[in-house]
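Protein chains in written order, with my numbering: chain A, -11 to 280; chain B, 80 to 286.
No wet-lab data here; the hints were simulated from the structure. Zero decoy hints are in this set.
The calculated DSSO-like cross-link candidates involving lysine-lysine, where the alpha carbons are at most 27 Å apart (straight line), are:
{"hint": "1", "chain 1": "A", "residue 1": "K178", "chain 2": "B", "residue 2": "K255"}
{"hint": "2", "chain 1": "B", "residue 1": "K243", "chain 2": "A", "residue 2": "K158"}
{"hint": "3", "chain 1": "A", "residue 1": "K217", "chain 2": "A", "residue 2": "K251"}
{"hint": "4", "chain 1": "A", "residue 1": "K105", "chain 2": "B", "residue 2": "K86"}
{"hint": "5", "chain 1": "B", "residue 1": "K261", "chain 2": "A", "residue 2": "K158"}
{"hint": "6", "chain 1": "B", "residue 1": "K243", "chain 2": "A", "residue 2": "K105"}
{"hint": "7", "chain 1": "A", "residue 1": "K158", "chain 2": "B", "residue 2": "K255"}
{"hint": "8", "chain 1": "B", "residue 1": "K261", "chain 2": "A", "residue 2": "K162"}
{"hint": "9", "chain 1": "A", "residue 1": "K217", "chain 2": "B", "residue 2": "K255"}
{"hint": "10", "chain 1": "B", "residue 1": "K255", "chain 2": "A", "residue 2": "K98"}
{"hint": "11", "chain 1": "B", "residue 1": "K261", "chain 2": "B", "residue 2": "K243"}
{"hint": "12", "chain 1": "A", "residue 1": "K178", "chain 2": "B", "residue 2": "K261"}
{"hint": "13", "chain 1": "B", "residue 1": "K265", "chain 2": "A", "residue 2": "K158"}
{"hint": "14", "chain 1": "A", "residue 1": "K98", "chain 2": "B", "residue 2": "K86"}
{"hint": "15", "chain 1": "B", "residue 1": "K243", "chain 2": "A", "residue 2": "K98"}
{"hint": "16", "chain 1": "A", "residue 1": "K217", "chain 2": "B", "residue 2": "K243"}
{"hint": "17", "chain 1": "B", "residue 1": "K255", "chain 2": "A", "residue 2": "K105"}
{"hint": "18", "chain 1": "B", "residue 1": "K280", "chain 2": "A", "residue 2": "K132"}
{"hint": "19", "chain 1": "A", "residue 1": "K178", "chain 2": "B", "residue 2": "K243"}
{"hint": "20", "chain 1": "A", "residue 1": "K105", "chain 2": "B", "residue 2": "K280"}
{"hint": "21", "chain 1": "A", "residue 1": "K217", "chain 2": "A", "residue 2": "K229"}
{"hint": "22", "chain 1": "B", "residue 1": "K255", "chain 2": "A", "residue 2": "K162"}
{"hint": "23", "chain 1": "A", "residue 1": "K271", "chain 2": "A", "residue 2": "K251"}
{"hint": "24", "chain 1": "A", "residue 1": "K(-6)", "chain 2": "A", "residue 2": "K158"}
{"hint": "25", "chain 1": "A", "residue 1": "K132", "chain 2": "A", "residue 2": "K162"}
{"hint": "26", "chain 1": "A", "residue 1": "K229", "chain 2": "A", "residue 2": "K250"}
If we take Cβ atoms under 8 Å as the criterion, some of the chain B residues that face chain A in the derived model are:
{"hint": "27", "residue": "S230"}
{"hint": "28", "residue": "L231"}
{"hint": "29", "residue": "N233"}
{"hint": "30", "residue": "V246"}
{"hint": "31", "residue": "D254"}
{"hint": "32", "residue": "F257"}
{"hint": "33", "residue": "I269"}
So these bits of chain B aren't anywhere near chain A, every CB distance computed over 12 Å:
{"hint": "34", "residue": "K126"}
{"hint": "35", "residue": "K132"}
{"hint": "36", "residue": "W137"}
{"hint": "37", "residue": "T138"}
{"hint": "38", "residue": "C144"}
{"hint": "39", "residue": "S178"}
{"hint": "40", "residue": "V185"}
Where is the CB? At the ideal position from N, CA and C, for every residue including glycine.
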Amino acid sequence: MNFISKLRSGKFIITAEISPPKGTDTSRMLRDAALLKDIADAVNVTDNQRAVMRMSPIAACSILQGKGFETIMHITCRDRNRLALQSELVGASALGIGNVLVMSGDHPSKGDHVGAKPVYDLDSVQLLGMIRELNRGVDLSGNKLDGRTDFCVGAVTNTELNEAGLIKLKKKIKMGVNFLQTQAVFDVEKFSGFMERADEIRSTQSKQIKIIAGIIPLRSERSALFLNKVPGIRVPDDMIKQIKDAKDPEVEGMRITAEIIKKLRTMCDGIHIMPVGNHENTKKLLEMADLI
Amino acid sequence: MIISRQKEFNNILQMLGEIDIFIIGCGKCAKKQRAGGEPEVLEMKKKLEDAGKNITGWTVLSSACSITSWADVLSQNPGINKADALLVMSCGGGVSVISGFAGKQVYPALDTESLGGVCCNEVVTEQCGMCGDCTIWLYGGICPVIRCAKSLLNGPCGGAVQGKCEVDERLCAWDKIFERLKELGKLENIENIHEPKDHLKTRVKKA
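For reference, chain A alone in the conformation it holds in the complex (with noise of 0.2 Å):
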């Protein structure tokens, strides 16, 4: 079964993200991989994650794919205007790449190429419509394609939204995504509070929408502080000092990630999980939420 035959059939989904190599070396990535095989219902492929230079995430799912892993492209606007966007995602699709996940990307000055120039032609509500009038067969200029696409689309969002973030939240489900995956949850009553809202937009646009939960495991009180500064995650006080007072801060982490994700098994439709670049905990991790 594909990915969105999963996401129609009500499963609980598992998708975990890989990072295309710094080089053309794909070992490191393919072992990633690897431990990831009948886990993960799929894998996200990032796009220069970061802002970080990295191999393409279109050759990228590409290798993976012909490994048999079924991917999830990442797309973000910082780094093609709207003619790049078309030729990578066409080129996506003949590759069989059937999903794509649609963010704006982080800005250039966060990344390894300070300098670069940030293209942002399109924004992500605006490259969702691109990809809709693919899928129908047209180009955004409405010129006829020979082939269509057939992209099962996500778009990404956080759990902590001001009123303006959930405006746009609504534009990007207007714009008919399939899925929503969501940057990492730590607080669970909050993202109870996110789910009544999401359910509410839900409601009026469309029922289908599947949201997965963002994921990264805790593995000491350093990069618990270190996520406290990335937008959109917030870890709780007391759950740092859980961290802090562990006698084995790794173990501890990852019993309190799986208890983070029963919870979440009942509120929402899957989780992503986001270990930066390091797979080896997350078979383990999901024995002890109970999901394999």
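Once you have looked at the hints, place chain B on chain A.
Below, chain B without anything else, positioned relative to chain A:
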């Protein structure tokens, strides 16, 4: 008003290959920002002389980007013909216009940053992105093309932390746009989906 700032003096010195230099200031935007008015021109003259340059003269044009007659400028400033190069203390518009007339090497002393304005004697930067298709009224008078670091037209990016833009010290433009539209009772403006910019309109139309 065009917002510009003076280059580092060392950079200016590195640019200037020639010895005999004439300095031209600008009495409009650069003067207002204290980057290219008379005091700055005189200071530049002194620094360049201290660095071994021969200043053949100086002037502050009423507006470097808007010259009625180059012949008049020349007749009033004989030092221009004696110089091997001109150093222009104006925005890129002024430097370009003067370069078009001068027939000799012209150097910029300022870097041009953005289109802004002056309000109550305070210079305000980054007010207009010069997109050639002004839709500022949809955003409560706050231009997202220039005020949002990613020029997003449909809402914030999720990169702001406590209202601060992920890129620099500026506040998230979208918080301001939201607040202003709320005050004006026009939130429907951002609830509507805005299409991609038509960048054809940005390009200069040639006659």
